[in-house]
Amino acid sequence: MAAENRDLHDELRAVARGLLATQRVDWSLMAQAGWIGLEASESFGGADASFAEVAVILDEIGRAAKPTSYLGGAVLAIGALKVLEANDSRDQLLTAVSSGATKVAVALPTDGGSRPRFRLDGLRLSGLAEFVPDAGEAEVLLLPTEESDGTPVMAVLRADAAGLAVTAQPVLDETRRLAVVSVTGLDIDNTEVWRFDGDAQQAFGRLLDRARVAVACDSLGLSETMLATTVSYVALRQQFGRPIGSFQAVKHACADMLVQVEVGRRLLDAAVDAVVQASPDATTATLMAKSHICAAAVDVIGKAMQLHGGMGYTWESGVHVYLKRAALNRSLFGSPAAHRKQLAQRYL
Amino acid sequence: MTLTPDLDDFAASVRAWCAQHVPAGWRDTQTGVSDEEFVHFQKSWFAELLSAGFAVPHWPAEWGGGMSVAEQVVLYRELAAHDAPRLVLAFVGIHHAASTLLIAGTDEQRRRHLPAILDGEIWVQGFSEPEAGSDLAALRTTARRVGETFIVNGQKLWASGGMHADWCLLLARTDPEAPKRRGISYFLLDMTTPGIDVRPIRNAVGESHFCELFLTDVEIPATNLIGLENEGWQVAQQTLGAERGMTMVELAERLGNGGFRWLVDVCRQPGPGGTRPIDDAVVQDRLAQLEIEITGLRGLCRDLVERSDAGVAGPADPSIVKLYYSELLQRMTDFGAEIAGLPAHTQLTKPASSGWESGSWVLDFIGSWEWTIPGGTSEIQRNIIAERGLGLPREPTAL
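Quick mapping for you: the protein sequence lines, in order, are chains C and R. 1 is the number of the first residue of the first sequence in the numbering used here; add one for each residue after it. 1 is the number of the first residue of the second sequence in the numbering used here; add one for each residue after it.
Keep in mind that the hints were calculated from the coordinates and are not lab data. Backbone N, C-alpha and C fix where the C-beta goes; we use that ideal spot for every residue, glycine too. All clues given are correct.
From the derived model, a few chain C residues whose C-beta atoms are all more than 10 angstroms from chain R:
| id | residue |
| --- | --- |
| 1 | 33 |
| 2 | 50 |
| 3 | 67 |
| 4 | 86 |
| 5 | 96 |
| 6 | 168 |
| 7 | 202 |
| 8 | 299 |
Below, computed lysine to any residue pairings styled on SDA-like, alpha-carbon distance capped at 20 angstroms:
| id | chain 1 | residue 1 | chain 2 | residue 2 |
| --- | --- | --- | --- | --- |
| 9 | R | 43 | R | 88 |
| 10 | C | 66 | C | 316 |
| 11 | C | 303 | R | 391 |
| 12 | C | 341 | R | 279 |
| 13 | C | 303 | R | 393 |
| 14 | C | 341 | R | 266 |
| 15 | C | 341 | R | 285 |
| 16 | C | 341 | R | 276 |
| 17 | C | 341 | R | 261 |
| 18 | R | 43 | R | 32 |
| 19 | C | 303 | R | 379 |
| 20 | C | 341 | R | 277 |
| 21 | C | 66 | C | 305 |
| 22 | C | 341 | R | 339 |
Pulled out of the complex, with its shape left as it was, chain R reads as follows (with noise of 0.2 angstroms):
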């Protein structure tokens, strides 16, 4: 792309801005921590990035945010470039929950809770089941509506960050007689309501921030609800879709400014007997293969982005860029643990708060899957695309 003045400006700014304030050594004092230092490592960045007012560029100006995507792609890159620390925890908060609110959201409910993720209000999503995975409208937990009141029972999986989460995503199935994708509605959920239990999974990786959610008799209030009751599912498709573009430009910019590179320098290590990978004709073939990958997704996602605001998106173009991204990052993180060889099997843990390329290529890599499963599979996105973007035969499947 090639940057105007103003850009280039703000490039400099950015770049200026991370030499003062990107925490140094991060990597090292990250790894290992305690979960409570953890999040107070995530709070504390998040704040330093609110007052630049780097946190939520992609928010409506009203509510903090305003800026167009090529300052966006701006920002991510240079925050890449300088390895800054990544915002895991208030992820599901500044995108899905704030898209969710934005879109579907009343006026009360966005005042309620945009100034407070600001604040530092934590989000999780309960959505999947154990039997409702790929076939999400399969979700059994229920929500039984008494008075001004929803009861709900019912369990979650897959709720990622739920042990420190303040408020949750959720549906729940509000007409058990209706058709599947009719009966659902989208509530608001407080994690602090009595009835709620959580507990972690650990991860292939070895980490936990993956929860199961029980839910027992828990209390939430009708003013609670997101869009109209029974028409949960119809609102999480809405907004599912708006936040990929926000979330993969980010990415997009940390694989193509962070992982290449680093990937690059691993290449150029000396190996046993001092001869160094890039120096191979087939490792150079493959180093410029995934280049070229990553350029083609970098233009996607800022397509996508650009797209969506301009309301001309197509129905499976954020389908798109999640299969490609996530791939893509399983390809590279591959190939990076493939070139990093034995010494990077000894790399027992990765810094918290890193990339999903954190340079552990081997952890990297098995932490793939964490992409190419979780928001719909790559199976489940190619179906999307053949039937929503070419218009093929739908396969069988109740309403």
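The shape of chain C in the complex, shown without the other chains (with noise of 0.2 angstroms):
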């Protein structure tokens, strides 16, 4: 990473970091800090960044774990928004999120699946995505649709539209809201089927990319988040007169964490790369960094918990909040194992 580009991610991250850590980080306060359109180029009223500094918001809001709508609000929908074709309505769709000013949410298959999961028959509309980031408070759904020869479309339907459903579907992870959305049979509008921008089936592809990488980013900031607070706990932490940071069965387990930590960065950026790159190799590159990072941030938390003894198993301690979103994420977007299935279709 050019050494411009590294400051300007320092100062972003200091700013998030701040934010993040003073204020509950509603939808508006985001759009006055400009993350929402950070990506979006300056004539949508967005930042003309990348996902690179994209990555550095979500794993600042992962660091913090806070319910915030990024991921599908923006993340997501931006990312959506920027491969459809440009036409009037697409330009004022992404100009008005960029804003903050409209809510959008991207149905995309979160099992790993790899097909939309909605069809067109005609312009009859059908089709169930579960577990969909940031659903239930959008004002527009983005639904990645099938049409009947196979090419991959976007319904774009308001979440008022009869005959769509958008409904909450309640986790154990409290910091994230996700929703059931359903169309069964319903007929729409021409004008409501927007196109990807050039070979549709890459387009939906780098869009599974970019969701797996955000996913990735947060964990990998769950990860780090737990790793500095048990470091400080255990250094603390007096039993048979010493600190228990000072056993090799504790400080050999934290680095361990480190490790993972450090391998999981690794991975990061260079999927991350991939991404804003749009690189031939970002899908394997995205499947590595979200299969490693995912599973390692469940066993890091799983570790800080440990280490933290009986404190750490209380409800107010809030490990469990960084336990919960570390599992969650690990199947959201495909399990590691699926990944690594997928990867392995390389070998043979």
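Both chains are sitting in their own frames, so use the hints and assemble them into the complex.
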């Protein structure tokens, strides 16, 4: 990474960390901070930054384990709108999302599947997607949809459209808001079918790449915080007349947590870079980063709970918040085992 | 990593070079060779690499190196992909000795030894002792000053390649009264000096490249002191981390471009009943996991070298890389041995000059302990990572 980029990221990170530490980060604050439109070009009211900067924000939100609708409402929404064909409607919506005026959610398959969950038969739309991030509060829903010949397109519906149901799906992780999005035989208008720009399969694949890396950023942030918290705790907590962090059983566990975080960081850097460059290896890099980081986060945070002892198991300590979020992240957009299986197809 | 056009050209030139220069069939001809043949092969391969500018790419340009990190990664990737022999004999000289001389040596010492290393001077490390392993600072070998000479007495252990070495990097105690880390000095020892007895020790793989060095009234001129008298511990601490990044870039590229590909090949071989391990979902899963870990390792190694060059490497970074590589090598060769099965047990020797993943999987697996134990055991690395990297309270140790 070029030095100027690194400085820019450090600055962005410091500002984000400050905001996340002191305030409840709601939608309007994120809009004010310019996070939502980061990646949109200036002509649409954005900051013309790249996914690399978005990744910094995602990492910081993960570190703070904050409930925000950044993933669904900004990262996936802007990402999806950017890969659709430009026209007045698309441009208007992109501008409205960038400024924070309109909330959009994208009903991607969240179970690791690689095909859209909605089908168009003529102009009759049907389908169901579960665990869609931040769909419950969206005013507009983007539904990746397969036409009868298998071409991915995007059905764009207002949330109050008759025949569209968005139902909140409460999960153990209270920091995420997920919903089931379903449509049963809804006749839609031609103007509600938006096309991907260029190769539609590839563009849809890029959205999945982006979703995987976004979740990996969050999980790495979760791990980083829990490692730091654990290190502080074991350096202070005394038993047998010594800080427990001086015992090898404890310090070696912390060392292993750091190694996992460091390896994850390298995999994430490579994946973020691949997404920014739209590299042909992007899917491989994102599968590696997502599967490894999200699995490691559960291990790292599980160890954090263990090393905090009885206190770590209390509701009040908050370690459970991180553990639940990490466990959810591990499953969101595909499990590590499924991703490894996908990677292994390259060896056959 | 996305290659720039310049790097693409460089990669193409390394590939062309490899196609012409990697000795055909060396694995077969180097299996079961005598020690003399091994030394001859190593020296001539070193000379080949040197004439191409590939032997010491990590050295500063003024001494014959000067490749960027990105170029080194490409070089090692291509050498591994073309199954080039490894530099085994020159390893301590081009890495440990060179980095010690560059960081802590005098101009005269550098002029004396760096060109000599390029001419084939072989080095060995004389650090560990029977009673000073993980607790290296407890070393007992003494160096008593008499005028401008030190008289050395003691015993060194695990001196890898000791029987072929021309020079030795030696730690010895010069002040027995001082606290243990304050009374050690760092010397360059000419191995032709009278009073040195070298005895090979057979290791678990059956090879005898480790040696014991018995030192009896061995004289070292004071001009062969590296750094100041009684500050040898600090010099060793400084130089050990510095060379780690360079050595690891090569090893990580080997693992990714040699070892992993052979592992996939083994998994594709039909076993009893004609089934291929690769068609088993569990095997696929473990291969993918290993590939991910190797990819992470390669990133760690590149970063370590870049950060070391920029002077911003963290105090635990070399230990993180060493620990991760060692244990990954062990996991990978373990899996290789499991997949290769009984036939791998009939490979009684592996080719000399091959890497840590030679494809003789059982021997490679047994040999992987040569990474998790020497150079600071995995347990010591975890202490360093926790104490220097994370700032956790130290274990009670004497100073």
